[in-house]
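Novice: Protein sequences appear in the order of chains C and B.
For the first sequence, position 4 matches number 4 in full-length UniProt numbering, and the numbering has no gaps at all.
For the second sequence, position 45 matches number 45 in full-length UniProt numbering, and the numbering has no gaps at all.
In case anyone wonders, no lab produced these hints; they're calculated from the structure.
Quantities reported herein were computed from a predicted structural model and do not represent experimental measurements.
Be careful, since some hints might not be right.
With a straight-line Cα cutoff of 16 Å, these simulated EDC-like cross-link-like pairs (lysine to aspartate or glutamate) come out [stated by the list, open to error]: (1) LYS119/C <-> ASP76/B; (2) LYS113/C <-> GLU67/C; (3) LYS52/B <-> GLU97/C; (4) LYS145/C <-> GLU67/C; (5) LYS65/B <-> GLU112/C; (6) LYS77/B <-> GLU128/C; (7) LYS77/B <-> GLU67/C; (8) LYS144/C <-> GLU67/C.
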Amino acid sequence: WPRSGGIRGGAAMDLFGDLRRMNKRQLYYQVLNFAMIVSSALMIWKGLIVITGSESPIVVVLSGSMEPAFHRGDLLFLTNFHDDPIRAGEIVVFKVEGRDIPIVHRVIKVHEKGNGNIKFLTKGDNNEVDDRGLYKEGQNWLEKKDVVGRARGFLPYVGMVTIIMNDYPKFKYALLAVMGAYVLLKRES
Amino acid sequence: LRKNVEDFTGPRERSDLGFVIFDITADILNGKNGLQTFWNKNTLIIFDWNVKQLFLYLSAEYSTKNNALNQVVLWDKIMLRGDNPRLSLKDMKSKYFFFDDGNGLKGNRNITLTLSWNVVPNAGILPLVTGSGHVSVPFPDTYETTKSY
Numbered sequence: 001w002p003r004s005g006g007i008r009g010g011a012a013m014d015l016f017g018d019l020r021r022m023n024k025r026q027l028y029y030q031v032l033n034f035a036m037i038v039s040s041a042l043m044i045w046k047g048l049i050v051i052t053g054s055e056s057p058i059v060v061v062l063s064g065s066m067e068p069a070f071h072r073g074d075l076l077f078l079t080n081f082h083d084d085p086i087r088a089g090e091i092v093v094f095k096v097e098g099r100d101i102p103i104v105h106r107v108i109k110v111h112e113k114g115n116g117n118i119k120f121l122t123k124g125d126n127n128e129v130d131d132r133g134l135y136k137e138g139q140n141w142l143e144k145k146d147v148v149g150r151a152r153g154f155l156p157y158v159g160m161v162t163i164i165m166n167d168y169p170k171f172k173y174a175l176l177a178v179m180g181a182y183v184l185l186k187r188e189s
Numbered sequence: 001l002r003k004n005v006e007d008f009t010g011p012r013e014r015s016d017l018g019f020v021i022f023d024i025t026a027d028i029l030n031g032k033n034g035l036q037t038f039w040n041k042n043t044l045i046i047f048d049w050n051v052k053q054l055f056l057y058l059s060a061e062y063s064t065k066n067n068a069l070n071q072v073v074l075w076d077k078i079m080l081r082g083d084n085p086r087l088s089l090k091d092m093k094s095k096y097f098f099f100d101d102g103n104g105l106k107g108n109r110n111i112t113l114t115l116s117w118n119v120v121p122n123a124g125i126l127p128l129v130t131g132s133g134h135v136s137v138p139f140p141d142t143y144e145t146t147k148s149y
């Protein structure tokens, strides 16, 4: 962009100077750029949902019930292929009917009928008892429809950011503000 | 990998409950280099730089009139990197109740016990591996009423 004359002191003064001098067209351009980044990110996420077959292909571990394998803040990568059978020993992420929170535990019992109907029981590695206490009132088994996905890969610590943003909303707003400022003021040379 | 079992069954409410006593002898070797893959069933498991722990479990697999396939985990153990990789457990009782979904244990001739493990890496893929060597166990035709387990 063409600079008008004058010497400004300090980078902060530069920033406000730029903001004032940016005309409408440049602002629209920056906003469109930002919108494109957001759309691409959304497309990638949707693409992952399609490829893995899971409604939530990446989840953050929220509790210590699978320690020492997984700790709070670890990231899990899931697949949920329809033809994948559920077998004892697998780590599944499931949702109890009526609750939003996904739970990551291990399958310890499987009973499958000839027609493909499966019912199974789960337990956290770090828990003394199985998950019957977590299921719905009167529910003794989980079924395929309760499964969000099977854990296939994992990265430690990376999910902590999500947990911090959840527990400290001010941090989330601060992060968004910084990101917004950066995107709007970023110059393309 | 060798297992020996003696067993008897008892009914609880309306489902069969099986009791199994087993020995486990397993050799899970330490690798000399970290480059071998560990998701091939025939390769020995290796505690390389990327293996944080193994989650071992003994599962019983069998078929009944009610259900074409049943799997019940009888026992599990977490083996951290650095733990003794040789298991030599004798006369172990199952950690978890071996309930069937129904009455399919009585007279069931073919219950297969297998040792498997879940490799938990420091970061990366989570494979499930089945150990070579499994044991087939028959359950008797009658219920036991003595509580000598």
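Novice: If a hint holds in the structure, say so; if it does not, say that too.
Specialist: Hint check results:
Between the alpha carbons of LYS119/C and ASP76/B the distance comes to roughly 21 Å, so the proposed pair goes past 16 Å and is violated. This hinted pair does not check out: LYS113/C and GLU67/C have alpha carbons roughly 32 Å apart, beyond 16 Å. Only pairs whose Cα atoms come within 16 Å are accepted, and LYS52/B paired with GLU97/C is rejected, the gap being roughly 33 Å. For a cut-off of 16 Å, the pair hint linking LYS145/C to GLU67/C is broken: about 26 Å separates their Cα positions.
Proximity of LYS65/B to GLU112/C is assessed by CA-CA distance (about 11 Å); at most 16 Å being required, the pair is judged to hold. Proximity of LYS77/B to GLU128/C is assessed by CA-CA distance (about 13 Å); at most 16 Å being required, the pair is judged to hold. A hinted pair counts as satisfied when its Cα atoms are at most 16 Å apart, and LYS77/B with GLU67/C qualifies at roughly 13 Å. This hinted pair does not check out: LYS144/C and GLU67/C have alpha carbons roughly 25 Å apart, beyond 16 Å.
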